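Model the full structure from these sequences, guided by the hints.
There are 6 protein chains.
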Amino acid sequence: MTHDQAPAPPRSTLVITAHAGDFVWRAGGAIALAASRGERVTIACLTYGERGESAKAWREGKSLEEIKGIRRDEAERAAATLGAEVRFLDAGDYPLLATPELTDQLVGIYREIQPGIVLTHPLTDPYNGDHPAAARMALDARVLAQAIGYPAPGDVLGAPPVFFFEPHQPEMCDFTPEVLLDITEVFETKRKAMECLSAQQHLWDYYTDLAKRRGVQLKRNAGPNLGLPHTTYGEAYMRPYPQVTEELA
Amino acid sequence: MTHDQAPAPPRSTLVITAHAGDFVWRAGGAIALAASRGERVTIACLTYGERGESAKAWREGKSLEEIKGIRRDEAERAAATLGAEVRFLDAGDYPLLATPELTDQLVGIYREIQPGIVLTHPLTDPYNGDHPAAARMALDARVLAQAIGYPAPGDVLGAPPVFFFEPHQPEMCDFTPEVLLDITEVFETKRKAMECLSAQQHLWDYYTDLAKRRGVQLKRNAGPNLGLPHTTYGEAYMRPYPQVTEELA
Amino acid sequence: MTHDQAPAPPRSTLVITAHAGDFVWRAGGAIALAASRGERVTIACLTYGERGESAKAWREGKSLEEIKGIRRDEAERAAATLGAEVRFLDAGDYPLLATPELTDQLVGIYREIQPGIVLTHPLTDPYNGDHPAAARMALDARVLAQAIGYPAPGDVLGAPPVFFFEPHQPEMCDFTPEVLLDITEVFETKRKAMECLSAQQHLWDYYTDLAKRRGVQLKRNAGPNLGLPHTTYGEAYMRPYPQVTEELA
Amino acid sequence: MTHDQAPAPPRSTLVITAHAGDFVWRAGGAIALAASRGERVTIACLTYGERGESAKAWREGKSLEEIKGIRRDEAERAAATLGAEVRFLDAGDYPLLATPELTDQLVGIYREIQPGIVLTHPLTDPYNGDHPAAARMALDARVLAQAIGYPAPGDVLGAPPVFFFEPHQPEMCDFTPEVLLDITEVFETKRKAMECLSAQQHLWDYYTDLAKRRGVQLKRNAGPNLGLPHTTYGEAYMRPYPQVTEELA
Amino acid sequence: MTHDQAPAPPRSTLVITAHAGDFVWRAGGAIALAASRGERVTIACLTYGERGESAKAWREGKSLEEIKGIRRDEAERAAATLGAEVRFLDAGDYPLLATPELTDQLVGIYREIQPGIVLTHPLTDPYNGDHPAAARMALDARVLAQAIGYPAPGDVLGAPPVFFFEPHQPEMCDFTPEVLLDITEVFETKRKAMECLSAQQHLWDYYTDLAKRRGVQLKRNAGPNLGLPHTTYGEAYMRPYPQVTEELA
Amino acid sequence: MTHDQAPAPPRSTLVITAHAGDFVWRAGGAIALAASRGERVTIACLTYGERGESAKAWREGKSLEEIKGIRRDEAERAAATLGAEVRFLDAGDYPLLATPELTDQLVGIYREIQPGIVLTHPLTDPYNGDHPAAARMALDARVLAQAIGYPAPGDVLGAPPVFFFEPHQPEMCDFTPEVLLDITEVFETKRKAMECLSAQQHLWDYYTDLAKRRGVQLKRNAGPNLGLPHTTYGEAYMRPYPQVTEELA
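Residue numbers (my numbering), protein chains in the order written: chain A, 1 to 249; chain B, 250 to 498; chain C, 499 to 747; chain D, 748 to 996; chain E, 997 to 1245; chain F, 1246 to 1494.
The hints are simulated quantities; they were obtained by calculation from the structure and are not laboratory data. Only a predicted model underlies this, so the values are computations on that prediction, with no experimental measurement involved. We put the CB at the ideal spot given by N, CA and C, even for glycine. Treat the hints with care, since some could be wrong.
Said to hold, decoys possible - Here are the simulated lysine-lysine pairs, BS3-like style, with alpha carbons at most 25 Å apart:
id: 1; chain 1: E; residue 1: 1052; chain 2: E; residue 2: 1188
id: 2; chain 1: B; residue 1: 461; chain 2: F; residue 2: 1437
id: 3; chain 1: E; residue 1: 1208; chain 2: E; residue 2: 1188
id: 4; chain 1: A; residue 1: 219; chain 2: D; residue 2: 959
id: 5; chain 1: D; residue 1: 959; chain 2: A; residue 2: 56
id: 6; chain 1: A; residue 1: 219; chain 2: D; residue 2: 803
id: 7; chain 1: C; residue 1: 717; chain 2: E; residue 2: 1052
id: 8; chain 1: D; residue 1: 959; chain 2: A; residue 2: 212
id: 9; chain 1: A; residue 1: 212; chain 2: D; residue 2: 809
id: 10; chain 1: B; residue 1: 441; chain 2: B; residue 2: 461
To be verified - Derived Cβ-Cβ restraints for the label pairs, each shown as a range:
id: 11; chain 1: D; residue 1: 992; chain 2: C; residue 2: 622; range: 21 to 27 Å
id: 12; chain 1: A; residue 1: 36; chain 2: B; residue 2: 480; range: 34 to 40 Å
id: 13; chain 1: D; residue 1: 810; chain 2: C; residue 2: 598; range: 33 to 39 Å
Said to hold, decoys possible - Output of the computed footprint for chain E on chain D, the stretches with three or more beta carbons under 8 Å from beta carbons of chain E:
id: 14; stretch: 905-915
id: 15; stretch: 925-939
id: 16; stretch: 962-968
id: 17; stretch: 982-994
Next comes the structure, spelled out in structure tokens:
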């Protein structure tokens, strides 16, 4: 999908999420795959998920700052396991509010990173308003970063494709798998990254099962003859923008 | 998207259309691209479009058989120009009726051709009921051809991806461009194929303009920095099934 | 909406319905309005509604032929009250099956009547499959009648606008009022036509209330200052095809 | 939901499916629950799934009649395990064609069984056309059975609520969980019924995992305080018709 | 729907509305039913509707404070008639703006009331932006109140089911009746509550007619044999979250 | 659509857009048509499009104020060519933020202009967030201006119909042509207005082609017999509110 004559630098991936754990459960396979190809992956976590996704720590009586610290540590270890860098914007969760200032910070990151691909939440989630807020800002910032007239440092952005990763309750979030990504070869890495999130142990098997189920669908949509392994693992994504390609496949 | 160890045979494309001219206007670029890569392309035309899309010939007083002959000749020349083979099922148009017998004929073609990719009409068209009827049978036959228990000659089919090509009035047919295919390098071939359809000269420029407009969108979705030529030509497609891939792009 | 230089003949309206009573409840106002302007209105009733909409007569022990006769008489009186002609195709209801033969009969009516406007059921009704079947055939026949190559007597048809009238349970039929027609000046006529359907007396007030409610919406969408009467009566319609106009209004 | 003064007979459930195995994977919990309450459950299998869902048997070289026999035996054992009766209409699968004759047979079953509740497939399934065909007939027959004028033996039907059970790839079938049924107390029975379908062993764990995931959603939608067991099993359903109730809950 | 061993306290209902009159027209039946069962019902009115829904008072030259007082009195009398308590947040209408502060006030109410059921507006209303703003905050606050990490007094909330009540122009607000509630036995109470709103007398009959129409639909969806009274009154609701149940019905 | 006895003043049109050029490309034909009938047309431009739609000027090193000046001049010349007045609110683009203050300014304009018709952007545009922000405020202000209780000078507004004009990538913006306006007789004027926007010369032909394509659709939906000229030009619109009419057409 490139028309460049000159050798392009390795592609860069930008992952924008609401909370510290989102990138592991939902996009850990895609991140590990990109890293395994030698690409750079940067994760922008808008919050630590300190209020909305840390029930166990609150019940244990931990303070806000302690909880942030725990979440940061876990996320950094998970990112390192996957081969990615993680940045925290510490914008405060539950609720995460979409603001021009936060969007502007994201514009700066886009212009710095120059991602060739962007991953974020889908725009609907009746169970967690932080997710759509993050997605809204991720999309808005991407458009602003494309405009030469927008006052932020760095070069203007191209139009990198965007992928929405799968939410926890896909059917309630208008989420339909439009892209099934084969993550079989990096699944062990994703599992290790999940295990860095020790407070959410009940999700390790849940997302392993999900990866198997998406793998079954992947095989069903790829035909029986492709030599896929017996257990195939998958991740599902949606595209808010059309795919641009030089070959139908 | 292949896990095969053994060298795969060249991919085969199957195009299933209602009328003799559809493949030229709507998918001529994709066909020419595949042929230019050395792939085999087979077009199954369910009818000649003898009643519904030959108004000029009827006004000139031609007979039904004469009109079929003209349409067949034009379509064969256009297919040859694109580098494809065309087969006519002569099922009768306006209305084209979806029947088990015709669907069974398509199952036979699927099993014979073993397509790696399928192109057909979208499932909605309030201006022409033949198009959805053709699409319905194309999809049903693809599923039947996958079942070992379905009694038809040939090997069972895998699950080739399906692409819906763009209808004449896309917004009225629930058609949203999900894939924008860059056909710049074969556009001259597509134009020559269109010019084989001499009775519909008014559509030559119409579909050239459409290709330019889809090219503009293609550039807008690919970013300004990709080295795309000043005039890029495109074709738009939809996917009724999820894309299966080993890399997000 | 006409560019004709020559004086056009009075516009003709074609109403295609599944059962004998449908045109009264759902489109009586539009029919009476057209008739009051001196236009010709023809109603094609595909069935008498003898099985599905005549529960009272069946409970009274009437025979099939008696019931058909009763329904025919009532519908003819209602049509005469509205100023329209009614034709019965007697295709059998519950279920009314969409067939090529019945569609062909409708093509003949289209070519004979040359309607400038078409009214029929919407395409979805989970409570009554006859309604979508009638609508499907009404739309298919309209497209076939436009093709010079379709073998039926009469001149080819133009592209008259189509309006779907309101079903009994609009929200369950994907029915959204897109056009609110002011029927205040003919409402008394519609009420008289409803009263011709003596077996369904419980619906007289129901559809009077509906007309008032649609009238309230009509006023709300037309602004408070238009001099509309205190009680405005309305009917709601949908458009499956775009409106063509020379002035936005 | 009953206003009856007289003691009502135990409620009866009618399950209408395309293939012999569908009722186990998709509605086994609902069936076992109803049976455990002493209600009558009747399953109408339109086909044995002999062509489309018996790949293993075909690969083993079994004949059509042998395969039908195997499927019948398995389904009967599974139904007995769940506490239900199963009837086979042997209409032929892949493709299962919706016909007036088959619909009429279903009308007869509705009038005989007088179900208080109906379960069937959803109306969309791009992977298997037999499922929508079965659902279409199930819904049409239910409406016809309500009409006193429809010529079939037995009393006319009321308007029993309909539930669509979950298809294999819910997101591709416009399936959104509208009702989450707690099947924890009968899950062991459902598992035993699944194990009657020995040719599809790979699905036992798949549908056990699905039941767990629906159980997680059930708990998330029911709140943390309801005393639900650690592992809750669920099944998901949709309602094509509005729920009628005397109390919001 | 409860697994509790211990006797539960009587269920509590929370109704969140934009304006002082909304709860009467749209949910008066549900409120009266709950109260008649001995349950507690609390209505949180975000505004008095002093600017957007008090046209008559403004035309009579009343002051803003006078109008607020009138609306408060009327609403309190209507609530008392229904058996409910009403609280006013006086946030200012036309426009009602969704703010974090107002959302936080609602979190406090959720934690205090611990509702077992929540009623509010649907999320779309092209005729009145205050309604979606209220609904947005009602849903956001419910999610925040569930998080132990959210800093507000009171116990964390479970996941009470939410019901959207019917807007004035349902078809324009994507409102489809998903639940039809039989309010026949309390309709006289609802009528009396409506009559407390003396400035909007034209709506008394309008909403009586609506209740009859929803009652007709209720009967049609419940079957003819349920012993429902000749005139059944109903209210329609939607569910933004799945129903959780132990029995399909 | 008027019931007025007294002669009405000439109708007034209000066009609300995000950027200085939008009204030319998207609604120039409707504006010129209204002006040619002697009606008043006022364009409210919320911004000059100085950051998001002036890439060429930024690349040439122009300052923000210079760019605003250029855009203002071009827009004023284009408006004059079409026969309309343009007002600039200079709210700042990329991003244009929807605020109560800006909405209030629009209320004032509505009350002053008393438009009989309103044109604005559709509510969805994944390529440009300014467009939905402008549309959101245009719709909100229209509703507020209707309320006598809203504190702004001028008479309260009626309920003028609203039309959404066509965005640059219609299929990605949920844009379906619901109204096709014949602009053939003023197309030369629209072309001249487009040519006032000298920095965007590449769009002159693009929007000429679009007008031709919409003209082809217009003819296809109007039938072959209407005496439309060989080349018909059209513009497409959507209606967010129902059409109110005294005659179906």
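Checked hints:
Between residue 1052 of chain E and residue 1188 of chain E, the direct Cα distance comes to roughly 21 Å. Compliance with the 25 Å bound is thereby established for this hinted pair. Restraint check for residue 461 of chain B and residue 1437 of chain F: the C-alpha separation of about 23 Å stays at or below 25 Å, so the hint holds. For the hint linking residue 1208 of chain E to residue 1188 of chain E, the alpha-carbon distance of about 16 Å falls within 25 Å, and the restraint holds. Between residue 219 of chain A and residue 959 of chain D the alpha-carbon distance is near 22 Å, which keeps this suggested pair within the 25 Å criterion.
Annotation: proposed proximity of residue 959 of chain D to residue 56 of chain A holds, straight-line Cα distance about 22 Å (limit 25 Å). Between residue 219 of chain A and residue 803 of chain D the alpha-carbon distance is near 17 Å, which keeps this suggested pair within the 25 Å criterion. Under the criterion of a C-alpha separation no larger than 25 Å, the hint pairing residue 717 of chain C with residue 1052 of chain E is consistent with the structure, at around 17 Å. Of the supplied pair hints, the one linking residue 959 of chain D and residue 212 of chain A holds, its CA atoms being roughly 14 Å apart against a limit of 25 Å.
About 31 Å separates the Cα atoms of residue 212 of chain A and residue 809 of chain D, which puts this hinted pair outside 25 Å; it is violated. Only pairs whose Cα atoms come within 25 Å are accepted, and residue 441 of chain B paired with residue 461 of chain B is accepted, the gap being roughly 16 Å. At roughly 24 Å, the beta carbons of residue 992 of chain D and residue 622 of chain C sit within the given window of 21 to 27 Å. Distance hint check: the CB atoms of residue 36 of chain A and residue 480 of chain B are about 38 Å apart, consistent with the given range 34 to 40 Å.
A hinted range of 33 to 39 Å holds for the C-beta pair residue 810 of chain D and residue 598 of chain C, which are about 37 Å apart. Figure legend: the stretch 905-915 of chain D, annotated as covered by chain E; annotation consistent (5 residues with Cβ-Cβ distances under 8 Å, at least 3 required). Residues of the stretch 925-939 of chain D with a Cβ under 8 Å from some Cβ of chain E number 5, which satisfies the need for three, so the listed coverage holds. Counting residues of the stretch 962-968 of chain D whose CB lies closer than 8 Å to any CB of chain E gives 4, so the stated coverage by that chain holds, three being the minimum.
Interface restraint, the stretch 982-994 of chain D with chain E: holds (10 residues with C-beta to C-beta distance below 8 Å; minimum three).
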